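Engineer: Given chain A, put chain B with the ligands in place with the hints provided.
Chains A and B, in that order, are what the protein sequence lines are.
With the first letter of the first sequence counted as 1, position 18 gets the number 18 in my numbering; the numbers rise by one all the way through.
With the first letter of the second sequence counted as 1, position 182 gets the number 182 in my numbering; the numbers rise by one all the way through.
In short, the hints are calculated from the structure, not lab data.
All of these numbers come straight from a predicted model, not from anything done at the bench.
All C-beta atoms in this analysis are idealised placements derived from N, C-alpha and C, irrespective of residue type, glycine included.
A couple of the hints might just be wrong.
Said to hold, decoys possible - Between beta-carbon pairs, the in silico distance windows are:
id: 1; chain 1: B; residue 1: S69; chain 2: A; residue 2: A153; range: 55 to 63 Å
id: 2; chain 1: B; residue 1: P193; chain 2: A; residue 2: M9; range: 39 to 47 Å
id: 3; chain 1: B; residue 1: P193; chain 2: A; residue 2: E192; range: 44 to 52 Å
id: 4; chain 1: B; residue 1: V379; chain 2: A; residue 2: Y93; range: 21 to 29 Å
id: 5; chain 1: A; residue 1: R13; chain 2: B; residue 2: P75; range: 21 to 29 Å
id: 6; chain 1: B; residue 1: T41; chain 2: A; residue 2: G91; range: 53 to 61 Å
What the hints assert, rightly or not - Partial selection, computed: residues in chain A whose CB lies under 8 Å from chain B:
id: 7; residue: I27
id: 8; residue: H31
id: 9; residue: D67
id: 10; residue: G141
id: 11; residue: R156
id: 12; residue: R193
Said to hold, decoys possible - Restricting the straight-line Cα-Cα distance to at most 20 Å, the calculated cross-link-like pairs of lysine to aspartate or glutamate (EDC-like) are:
id: 13; chain 1: B; residue 1: K261; chain 2: B; residue 2: D302
id: 14; chain 1: B; residue 1: K362; chain 2: A; residue 2: D120
id: 15; chain 1: B; residue 1: K362; chain 2: B; residue 2: D378
id: 16; chain 1: B; residue 1: K192; chain 2: B; residue 2: E205
id: 17; chain 1: B; residue 1: K185; chain 2: A; residue 2: E46
id: 18; chain 1: B; residue 1: K36; chain 2: B; residue 2: D50
id: 19; chain 1: B; residue 1: K36; chain 2: B; residue 2: D17
id: 20; chain 1: B; residue 1: K427; chain 2: B; residue 2: D378
id: 21; chain 1: B; residue 1: K185; chain 2: A; residue 2: E178
id: 22; chain 1: B; residue 1: K185; chain 2: A; residue 2: D67
id: 23; chain 1: B; residue 1: K261; chain 2: B; residue 2: D308
id: 24; chain 1: B; residue 1: K362; chain 2: B; residue 2: D385
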Amino acid sequence: MSHLSSDVMARARQLLALYPHPRSALIPICHLAQEQDGWLRPQAIEEIAQLVGLTPAEVLGTASFYDMLHTEPVGRYLVAVCTNIACMLRGAYELLEHAEEHLGVCTGATTADGMFTLEDAECLADCGRAPCLQVNHRFFGDLTNATFDALVADLRAGRLDDDVPHHGTLLRVRRRHELQVDDRTIAAERQERAAADASAGGAGAPGGSR
Amino acid sequence: MAITEAPRIVTSRLVHDDSHTLQRYLDTGGYAGLRKALTMTPAAVAAEVDAASLLGRGGAGFPAGRKWSMLRQGPLPYLVVNGDESEPATFKDHLLIERDPHQLIEGVVIAAYALQVSRAFIYVRGEFALGLERVQAALDDAYDHGALGRDVFGSGFSLDVVVHPGAGAYICGEETALIESLEGKRGFPRIKPPYFPAAIGLYGEPTVVNNVETMSNLPWIMSNGAAAFTALGAGRSTGTRLFALAGHVRNPGVYELEMVKTTFRDLIFAPVLGGGMIGGRQLKAIIPGGVSAPWLGPEHLDTPLGQDEVADLHTMLGSGSIVAMDDTTCVVRAAWRITRFFWRESCGQCTPCREGSGWLEKILRRIESGAGREADLDVLMDTCDAIAPGVSWPPQQTTICVLGSSIPSSIASAIRMFRDEFLVHVKEGACPYG
Ligand SMILES: Cc1cc2nc3c(=O)[nH]c(=O)nc-3n(C[C@H](O)[C@H](O)[C@H](O)COP(=O)(O)O)c2cc1C
Ligand code: SF4
Ligand code: FES
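So here's chain B without its partners, still in its complex pose:
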């Protein structure tokens, strides 16, 4: 199987138990990328990142270099790092935050230098108590080391970084909700346009929001150069990516893989990766890219793990999480649980999202419990259509943020792929899986 010899870019230190300490970081080449960046002009650093074609790792896959170039010129721009990681089955930033906080901080200083930002915030999901402790300790050590604060490494560049805790709300991962939350408000996504906080962001100032994994790639890119990064992967999908593999596999976990060179099959079945399905059972369906994404089937196993390759299947690589479900899975129950998540986490601003998610959750629960009617399938699809007309991919947008328009994905997938299973629930008045 084609597991490539690609270097580990963001997980190289995780073999060490003390990977989160400054000492280990320095012993393994830490802060060399930043030192190199500081010998270049900010514009040259930004150009290097642009040349690397570093796609954002938070879900939307927007190129970091391009996002940076959109930052409105203003006296007080901000950099905000999104460490809210709450997309179901996504657990890679959690690892980077707890196990390699200095790599994240070094990335933040490099980005801040390129953007000429003097204040950055790292928003860490509130539930990551240990992660918050580790990032704060690493920040303090970085100040002591001269990598932060006034006159970073004697370069004349100055930067303060503040770690900010969330308090339990999935929607605060959406970048405009995250900004509202950072301003001390309810996590209500902002109405677009403006589409990018680069125009109007934190406190109304121009702001770049980037994901933790995106930032964590920067030290390697600066040390090794954009060419070494683009030598990995293919097309727009360069470098490596963290894939969080979960569900019915023998070895769930986070795997760093070269983009495009490995397939879903490699990830799920290779003995050194997922190790195949538990008990040798059959794969039934795959959820790629987080629960907002339409599902795939075993027939898609040979698709390469690349942004555009997965998009061609009318779904997305999203946050890099992959859930494998085996043949003992009740897909009605799976769709119900995902819908219940959206219903609980909807911020409530938009009617289709707030009301639609609740109706869908109730109908799915009714079908799952055996009290469904045949017409329920049509009601489900009609409701999905009311939320995102056409129930296509990418979904049509009727709501302030894409949480709402993502609700139909799992339901539409489940019905499209397993309509018979829904009908069995209805006809037999019970779940065939017990």
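So here's chain A without its partners, still in its complex pose:
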């Protein structure tokens, strides 16, 4: 029995088929593993390594570079408050301070019940609605202390379960179509055509032919 579920395995294989080199599927597959466990468990890393043909150390080496990939457990809801310049000018640090008090944790920590991890994020590209935050990578903007508290209450009560899945950036990213174009064949055809053009003495511009 593998640690990763059969659904994750099947989706991982679909991802692998999308790239000329298996390693390219590494980050998307890490997202899938987090969808299952909330973070990258060592067993998951080992199985991902096998899938993409790397060592577990190589998988960890890549994963540890990226903020969204967690090599330690995080809360059910990752609350990332943007404090970058546009949000700072509109009260982001005051909001973050309020969030710390309201949740009873300091930035970077997880609440005792495992529900919330609070983070201080870099620009989330939603600066028009500053101050803003993401919960599990879903956006909430134009926040005040009161709307923050209401958001937390909604999350606790499960009222936002549809909008804010517990984990999984790619939860609803399910590709319906397989690749249709065999680019190796296209490459071979192009080379043949270029060779034919050259031997015919024509102005063979590979970029200009189909």
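Structural biologist: Relative to the frame of chain A, chain B with the ligands by itself:
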């Protein structure tokens, strides 16, 4: 105020709530540009884009047509779309990705046809969960519609497009880091030369990397022609551009404006645009083009929003983001926060960037908290000089990518424009703004 009557090129559909659906896209002229392109030769499509003088919208402003012409001939070229949008205060691609994914995809197919590429990747910032969902759904609908896959619209041209998620790293917006990330590696920018992935890119193959907004302009250019595009704007800055306006303005948001015909003043103060400063307060400073850019002051308000016009002020239009800061802003704190960003996001390969950003962040924090010394200003500038000798614009390059050499911009601007404010922090041992 001179808000022109220019057509909306990339935001025309956003008045509709369902602008992201295929049905709405087709009802509003979608995929007509691609159909037209497919009746032309690939070289003619590329020539049309070249004639449009479409400057890249990702930050560097390099002409798309020229970039395409540099693609090394090879059997397996790739097209990669940069949707990593993480430059602070930049939030325009986010809008295009979520609200008009078909326009982006149509642009990608047009570019792929011109370049004769059979596989394209759209790299979307990992934090854009909804954006990833929308682009994937739109791709699937485009396949069903015949706009993607084998034999696009019966033309004989075939293309697969794959949407690829990032995982949280600003540096992956730099095109060579983006390629590394797409290969499943840490996002380390590659050493230059080669300067362009057009020579050696994804998997070592020739690759064109273009920004989301750049691609999103292509359907309109094909439908309306390069001449209609160059009729807008002036000089090299043709067409329209998305400006992401943020900070202390009444109406922050993304505005599509004709290039060069509007000024910073129009954008910030026009009632239909920024609406002026909150509470009628005074404008203190402007950050144009992303936090890598040197700042401007109120005296520059009448500068037109054009690539060369802004470059003449020794700064840049960059990613098209503009932050307006009012007179309640502590500039030491602003410079500190920007520096903290670079320190957190430095990939760590180059010493000046990795170490310099950390030192600068600590010194700025010390000054801001009131524990600074007068000599700190010199230390700041010396450190900036060590990162990018001369602290000039454009900066001298000592590092693998320009993240490092961009670090001094905000600090140098803040000290140059507001030296007294730094000294007040030091002398009073506190921030005058509380
Ligand atoms: C540190 C750094 C971050 C960057 N971030 C982005 C980004 O988020 N999106 C983007 O399109 N270009 C970004 N760029 C610019 C890209 O390297 C590249 O020039 C651009 O994607 C090319 O597209 P264009 O020619 O269509 O503008 C960044 C560059 C640097 C140095
Ligand atoms: S300049 Fe900074 S971000 Fe760029 S490669 Fe060097 S260390 Fe990495
Ligand atoms: S600065 Fe907060 S979202 Fe951009």
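Engineer: All hints are to be evaluated individually against the structure, with a verdict given for each.
Structural biologist: These are the hints, each one checked on the structure:
| no. | hint | result |
| --- | --- | --- |
| 1 | S69/B to A153/A: 55 to 63 Å | holds, 57 Å |
| 2 | P193/B to M9/A: 39 to 47 Å | holds, 42 Å |
| 3 | P193/B to E192/A: 44 to 52 Å | violated, 32 Å |
| 4 | V379/B to Y93/A: 21 to 29 Å | holds, 25 Å |
| 5 | R13/A to P75/B: 21 to 29 Å | holds, 27 Å |
| 6 | T41/B to G91/A: 53 to 61 Å | holds, 55 Å |
| 7 | I27 | holds, 5 Å |
| 8 | H31 | holds, 6 Å |
| 9 | D67 | holds, 3 Å |
| 10 | G141 | violated, 10 Å |
| 11 | R156 | violated, 21 Å |
| 12 | R193 | violated, 11 Å |
| 13 | K261/B to D302/B | holds, 11 Å |
| 14 | K362/B to D120/A | holds, 18 Å |
| 15 | K362/B to D378/B | holds, 14 Å |
| 16 | K192/B to E205/B | holds, 16 Å |
| 17 | K185/B to E46/A | holds, 17 Å |
| 18 | K36/B to D50/B | holds, 17 Å |
| 19 | K36/B to D17/B | violated, 27 Å |
| 20 | K427/B to D378/B | holds, 15 Å |
| 21 | K185/B to E178/A | violated, 24 Å |
| 22 | K185/B to D67/A | holds, 14 Å |
| 23 | K261/B to D308/B | holds, 13 Å |
| 24 | K362/B to D385/B | holds, 17 Å |
The structure does not agree with the numbered hints 3, 10, 11, 12, 19, 21 stated previously, though it agrees with the rest.
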